[in-house]
Amino acid sequence: MSDVSLAGPPARFRPATGESAGARWAMIVIAFTGLAILVFAPLVAVFVVALADGVAASLQSLASRDARDAIRLTLTIAAISVPLNAAFGIAAAWLITKFDFRGKAFLITLIDLPFSVSPVVAGLCIVLMFGANSAIGGWLVANGFPIVFAMPGIILATMFVTFPFVARELIPVMIEQGRAEEEAALTLGASGWRVFRTVTLPNIRWALLYGVLLCNARAMGEFGAVAVVSGKIRGQTATMPTTIEMLYQEYLSVAAFSLAAVLALLALVTLLLKTALEIRHADQLAATHRH
Amino acid sequence: MGRPLIHRSPMPGLGLSMGITLTMLSLVVLLPIGTLLLKGANYGLAGIWETVNRERVWAALYLSFRLSLLAAIFNLVFGVLLAWVLVRYRFPGRRILDAAVDLPFALPTAVAGISLTALYAPNGAFGQLAAEIGWKIAYTQWGIFIALVFVGLPFVTRTVQPVVEEIEREVEEVSATLGATRLHTLRHVILPMLTPAALTGFALALARAVGEYGSVIFIAGNIPLVTEIAPLLIIIQLEEFNYDAAAAIGIAMLLISFAMLLLINLIQVWSRRRIGYV
Amino acid sequence: MHIEIDEISKQFGTTAALHPVSLALPSGALVALLGPSGSGKTTLLRILGGLEFPTSGRVLFDGQDATGVTVQERRAGFVFQSYALFRHMTVFDNIAYGLNARPRATRPQKAEIARRVTKLLDLIQLPDIGARYPSQLSGGQRQRVALARALAIEPRMLLLDEPFGALDAKVRRELRQGLRDIHDTTGLTTVFVTHDQEEAMELADLVVVMSMGRIEQIGKPQDIRARPATPFVRDFITA
Chain U
1 MSDVSLAGPP ARFRPATGES AGARWAMIVI AFTGLAILVF APLVAVFVVA LADGVAASLQ
61 SLASRDARDA IRLTLTIAAI SVPLNAAFGI AAAWLITKFD FRGKAFLITL IDLPFSVSPV
121 VAGLCIVLMF GANSAIGGWL VANGFPIVFA MPGIILATMF VTFPFVAREL IPVMIEQGRA
181 EEEAALTLGA SGWRVFRTVT LPNIRWALLY GVLLCNARAM GEFGAVAVVS GKIRGQTATM
241 PTTIEMLYQE YLSVAAFSLA AVLALLALVT LLLKTALEIR HADQLAATHR H
Chain H
292 MGRPLIHRSP MPGLGLSMGI TLTMLSLVVL LPIGTLLLKG ANYGLAGIWE TVNRERVWAA
352 LYLSFRLSLL AAIFNLVFGV LLAWVLVRYR FPGRRILDAA VDLPFALPTA VAGISLTALY
412 APNGAFGQLA AEIGWKIAYT QWGIFIALVF VGLPFVTRTV QPVVEEIERE VEEVSATLGA
472 TRLHTLRHVI LPMLTPAALT GFALALARAV GEYGSVIFIA GNIPLVTEIA PLLIIIQLEE
532 FNYDAAAAIG IAMLLISFAM LLLINLIQVW SRRRIGYV
Chain L
570 MHIEIDEISK QFGTTAALHP VSLALPSGAL VALLGPSGSG KTTLLRILGG LEFPTSGRVL
630 FDGQDATGVT VQERRAGFVF QSYALFRHMT VFDNIAYGLN ARPRATRPQK AEIARRVTKL
690 LDLIQLPDIG ARYPSQLSGG QRQRVALARA LAIEPRMLLL DEPFGALDAK VRRELRQGLR
750 DIHDTTGLTT VFVTHDQEEA MELADLVVVM SMGRIEQIGK PQDIRARPAT PFVRDFITA
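As they're listed, the protein sequences go chains U, H and L.
Here the first sequence is numbered in this note's numbering, starting from 1 and rising by one per residue.
Here the second sequence is numbered in this note's numbering, starting from 292 and rising by one per residue.
Here the third sequence is numbered in this note's numbering, starting from 570 and rising by one per residue.
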């Protein structure tokens, strides 16, 4: 760079850090283009195909018996498995962050395990354990409580794939918050349950909501594991995602995509709430979500 | 034994939280996986090998692994770029872009699957464009690749983002005062700092892609030996009530998952030892 | 090198970090910029190093206008308060960094780089730590490595931002002498920023007392102590 006139700073002072404006814009354009093709286009396509025959046709397909049964079943599954996983997440996070014991790291690895197991393999495991030709499964079927090809199996499969969600959100937050507040409450004579309710819960509520949100989105959308264990019996064990598959394979494109659009809306609402939490309650979420 | 199994603590709820945690972990995760492993043990290594060592199974495992690797490599490069852009630059639409990164986590895989197929099928918006230059995407390995890129997209970005945020400006400044060009700084200072996190994200994306089912089967075409992925093979065996064969393939995939979990942990241990942070 | 600061000012948005200040630093001097936080001393140092561009005014090195010279071409050995060592590189690679970053045409041979790094490790009296990583060093060792890394590029001046700020009192005193020795050996014009008046008085040939973006007084330590120019200086040096 040449020397500078006395009039003041040169028109283009290159800061020591940061890229040139050209490189910056090139990278921003690549980011936008990449996400437009990879993420926005599929999202838009769902709604375009769903509304191909107009809003009325789309709504009508959602009112069909198959669609209504599937929506009801998916809501029921989520209503059961998400609270159970939330309870597990709170218990596991409490155990891991409030006590010191050997094998803690191993326990965390085990809790994270479902993230690295294929949903199909997860479904397979449940079929092998509770299927009609296994020892436990045979006995349960004989006593009128089938698990595979029935609701309990779907719940189990859903819980498997969403297992770590809540615990993963809570553990880093509770580690950061430490034990001092709970210890203070204990010295003041509060009971254990009261300490949890009045001290811990208010501190972790946003992180808990965050975890529940992600857990719920995955629970309603799970396909692979549920496809294996459910048997996809219309009106009985067909969830929204498996119904989408059946409709799609019957070339009922508008019906399939209309149901898919409902799930896509759910995904959008989830992202919206998640972003709102990241903006408004950043200080009470795990550090990796603050931006 | 110097260290007690459990340190005494005035905190309440040890029994309750331990009970809930271990019971649910066992019931939901450990017992089912244990059943699969037990099945494998009964079946024997030779039996598993006999099932896996068939052309169709090898082809499926190889396909799943190869395309997952390629997709994860793509996501590694794009994910690091995305993380950098989202943290370092301020531009209109940044928040939307940031939120959009998570869409593959939030959008059900079956929805993504049929939607990608609609886009890339020969009569779809992108498929038509590609067809004009004689490029078939849906129902070929290209289609599988795109679906796997989609599901693995968030991992690298989300692991690298916090690391970019933590880089002290002074490290970049000192590099400049030592005479390094911006490109040299990026290549020799910034990139090595991002590498451990990027590799962790890469391994997570890879693990996810290898086991992915929902977003792939619609676009794959599922032709044996050509576009048939390993998870689909398990489902086909199950539909034929071939539980032993399904279990054998399942164990092979489980072992791949464990290997990758180990890889992630090794990366983290290595980077913590060497650089003192993850 | 003789450094002249000619009517330099710096605005950050609407706030003025530096009102126009002028200052001449004789070649080979050891200068302290002394002042409380917010006095503009670090901003001035960063302008000298090319990390910040002044809103108005000029910087002259040996009489030549260097205001627009980029940070890369300025060859100012800069030591940050946090040291900003590269955590993923060994001490050796940290020190060699500036030499390795040169374009191929001016980059020394590998053996020559190794020779220079070894010499610098001797200069900072830590000859055996080349293979270690920064995380394996004490605070005092890190500071000396940062100093060696800055010296490796054969700088025209040495700029240090609170070089002892992150150290405990005992190490601080040792390293003060270390900096004095290195300054005397290299003969480089050296400017360091500090808020510690004792440190400035003890170490520097010339002390520049700053407050609120203005220079309150320039002088030898004993002169400043004997004849504080303003009430601020009197309060600050007796504090």
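If you are wondering where the hints come from, they were derived from the structure by calculation, not from laboratory data.
Beta carbons: idealized from backbone N, C-alpha and C, even for Gly.
Hints may be right or wrong, so weigh each one.
[As the list claims (entries may be wrong)] Label-pair ranges, simulated between beta-carbon atoms: (1) U:Thr187 x H:Leu329: 42 to 50 Å; (2) U:Ala79 x H:Leu554: 44 to 52 Å; (3) H:Leu329 x U:Glu176: 36 to 44 Å; (4) U:Thr198 x L:Arg794: 28 to 36 Å; (5) U:Pro15 x H:Leu321: 50 to 58 Å.
[What the hints assert, rightly or not] Facing chain H, a subset of chain L residues (Cβ under 10 Å, in silico): (6) Val638; (7) Val640; (8) Tyr666; (9) Asn669.
Hints, verified against the model:
1. U:Thr187 x H:Leu329: 42 to 50 Å: Hint holds: Cβ distance 49 Å, inside 42 to 50 Å.
2. U:Ala79 x H:Leu554: 44 to 52 Å: violated (37 Å)
3. H:Leu329 x U:Glu176: 36 to 44 Å: At roughly 40 Å between Cβ atoms, Glu176 of chain U and Leu329 of chain H fall inside 36 to 44 Å, so the hint holds.
4. U:Thr198 x L:Arg794: 28 to 36 Å: Violated: the Cβ-Cβ distance is about 59 Å, outside 28 to 36 Å.
5. U:Pro15 x H:Leu321: 50 to 58 Å: holds (54 Å)
6. Val638: violated (12 Å)
7. Val640: At 5 Å from the nearest chain H Cβ, Val640 of chain L passes the 10 Å test, so the hint holds.
8. Tyr666: At about 6 Å, which falls below the 10 Å cut-off, the nearest Cβ of chain H leaves the hint on Tyr666 of chain L intact, so it holds.
9. Asn669: It holds, given that the least Cβ distance between Asn669 of chain L and chain H is near 8 Å, below 10 Å.
This entry does not satisfy hints 2, 4, 6, going by the numbered hints stated previously.
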